[in-house]
Amino acid sequence: DTGVSQDPRHKITKRGQNVTFRCDPISEHNRLYWYRQTLGQGPEFLTYFQNEAQLEKSRLLSDRFSAERPKGSFSTLEIQRTEQGDSAMYLCASSLEAGGATEAFFGQGTRLTVV
Amino acid sequence: AQRVTQPEKLLSVFKGAPVELKCNYSYSGSPELFWYVQYSRQRLQLLLRHISRESIKGFTADLNKGETSFHLKKPFAQEEDSAMYYCALSPHTGGFKTIFGAGTRLFVKA
Numbered sequence: 001d002t003g004v005s006q007d008p009r010h011k012i013t014k015r016g017q018n019v020t021f022r023c024d025p026i027s028e029h030n031r032l033y034w035y036r037q038t039l040g041q042g043p044e045f046l047t048y049f050q051n052e053a054q055l056e057k058s059r060l061l062s063d064r065f066s067a068e069r070p071k072g073s074f075s076t077l078e079i080q081r082t083e084q085g086d087s088a089m090y091l092c093a094s095s096l097e098a099g100g101a102t103e104a105f106f107g108q109g110t111r112l113t114v115v
Numbered sequence: 001a002q003r004v005t006q007p008e009k010l011l012s013v014f015k016g017a018p019v020e021l022k023c024n025y026s027y028s029g030s031p032e033l034f035w036y037v038q039y040s041r042q043r044l045q046l047l048l049r050h051i052s053r054e055s056i057k058g059f060t061a062d063l064n065k066g067e068t069s070f071h072l073k074k075p076f077a078q079e080e081d082s083a084m085y086y087c088a089l090s091p092h093t094g095g096f097k098t099i100f101g102a103g104t105r106l107f108v109k110a
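Residue numbers (the working numbering), protein chains in the order written: chain X, 1 to 115; chain B, 1 to 110.
Do not rely on the hints blindly, as some may be mistaken.
Claimed, not checked - Straight-line distance between alpha carbons at most 16 Å, and here's what the computed EDC-like set of lysine to aspartate or glutamate pairs gives: (1) K109/B with D81/B; (2) K22/B with E8/B; (3) K22/B with E67/B; (4) K9/B with E20/B; (5) K109/B with E79/B; (6) K109/B with E80/B; (7) K97/B with E56/X; (8) K97/B with E20/B; (9) K97/B with E103/X; (10) K14/X with E78/X; (11) K97/B with E78/X; (12) K57/B with E44/X.
To be verified - Simulated DEER-style distance windows between Cβ atoms: (13) T60/B with S58/X: 29 to 39 Å; (14) P7/B with F74/X: 34 to 44 Å; (15) K9/B with E52/X: 31 to 41 Å; (16) S52/B with N51/X: 19 to 29 Å; (17) N51/X with A17/B: 25 to 35 Å; (18) F76/B with Q84/X: 41 to 51 Å; (19) T76/X with Q42/B: 17 to 27 Å; (20) K9/B with E28/X: 29 to 39 Å.
No lab work stands behind these hints: they were computed from the structure.
Just so you know, even glycine gets a beta-carbon here, dropped at the ideal spot from N, CA and C.
Next up, chain X with everything else stripped away, as it sits in the complex (with noise of 0.2 Å):
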């Protein structure tokens, strides 16, 4: 499978714990995204990067997010201190820059789940 690969694809955590999730996108991608779903919902953008800048960060992302793109390839999202809202399916997609929007690729995601 050549599109975009997450790790892992589940996660249980306790509550106060920190968790890190990876996102590989497709190779030649430059642009990066992370989104949040929870159930009955749509992805909630979260962040986003253009090689390994971070130009977008939602007002979803608290200070306990952190989102790092070091070498314009792959990505980690990192939750501080886990709380039970937190508890979501973590998506992350990638595109090619071809001027305005353009179709994302999404993951399997990443399902957290904080006891």
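On the provided structure of chain X, position chain B as indicated by the hints.
Here is chain B on its own, set in the frame of chain X:
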């Protein structure tokens, strides 16, 4: 405020019947509109975008700027169309924050 509204959480139709999934949006500029689909146990994927003006898997969607709507239609539903459908909006000016609706689950009965 930028918003995408899909008023129906669940839409159930019989095979061969027409289907219309509603989408209304709120945006001050000229956005790009998309429909994404998620089949069971598969990842979210693009179905169609309004600028392409094409039919994918028999689905079409017309952007109505006057009514700020982008409804998805298919004249004859098939069982394999059963899936979760998301309407989405992205700023036309090159902004990269795609806003999704809450989704409509389409169930096509045999």
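Checked hints:
1. A distance of roughly 10 Å separates the Cα atoms of K109/B and D81/B; the hinted pair therefore holds under the 16 Å criterion.
2. A threshold of 16 Å between alpha carbons decides the hint, and for K22/B with E8/B the separation of about 7 Å falls inside it, so the pair holds.
3. Taking the CA atoms of K22/B and E67/B, the gap is near 12 Å; set against the 16 Å cutoff, the hint holds.
4. Pair hint K9/B plus E20/B holds up; C-alpha atoms about 13 Å apart against a cutoff of 16 Å.
5. Our distance criterion of 16 Å between C-alpha atoms is met by K109/B and E79/B, whose separation comes to about 6 Å.
6. For the hint pairing K109/B with E80/B, the CA-to-CA distance comes to about 10 Å; that is within 16 Å, so the pair holds.
7. A distance of roughly 8 Å separates the Cα atoms of K97/B and E56/X; the hinted pair therefore holds under the 16 Å criterion.
8. Between K97/B and E20/B the alpha-carbon distance is near 26 Å, which puts this suggested pair outside the 16 Å criterion.
9. With a C-alpha separation of about 12 Å, the suggested pairing of K97/B with E103/X holds against the 16 Å cut-off.
10. Taking the CA atoms of K14/X and E78/X, the gap is near 15 Å; set against the 16 Å cutoff, the hint holds.
11. About 20 Å separates the Cα atoms of K97/B and E78/X, which puts this hinted pair outside 16 Å; it is violated.
12. A distance of roughly 27 Å separates the Cα atoms of K57/B and E44/X; the hinted pair therefore is violated under the 16 Å criterion.
13. Distance hint check for T60/B and S58/X: the Cβ-Cβ separation is about 32 Å, which falls inside the suggested range of 29 to 39 Å.
14. For the hinted restraint 34 to 44 Å between P7/B and F74/X, the CB-CB distance of approximately 38 Å keeps it satisfied.
15. At about 39 Å, the beta-carbon gap between K9/B and E52/X stays in the expected band of 31 to 41 Å.
16. For S52/B and N51/X, the hinted distance range of 19 to 29 Å is satisfied, since their beta carbons lie about 27 Å from each other.
17. Take N51/X and A17/B: their Cβ atoms lie about 47 Å apart, and the range 25 to 35 Å is violated.
18. Evaluation of the 41 to 51 Å hint for F76/B and Q84/X yields a pass: the beta carbon distance comes to about 45 Å.
19. Range check, T76/X to Q42/B: about 25 Å between beta-carbon atoms, so the 17 to 27 Å window is met.
20. Between K9/B and E28/X the beta carbon distance is about 37 Å. The supplied range of 29 to 39 Å therefore holds.
Hint violations for this structure: numbers 8, 11, 12 and 17, all remaining hints satisfied.
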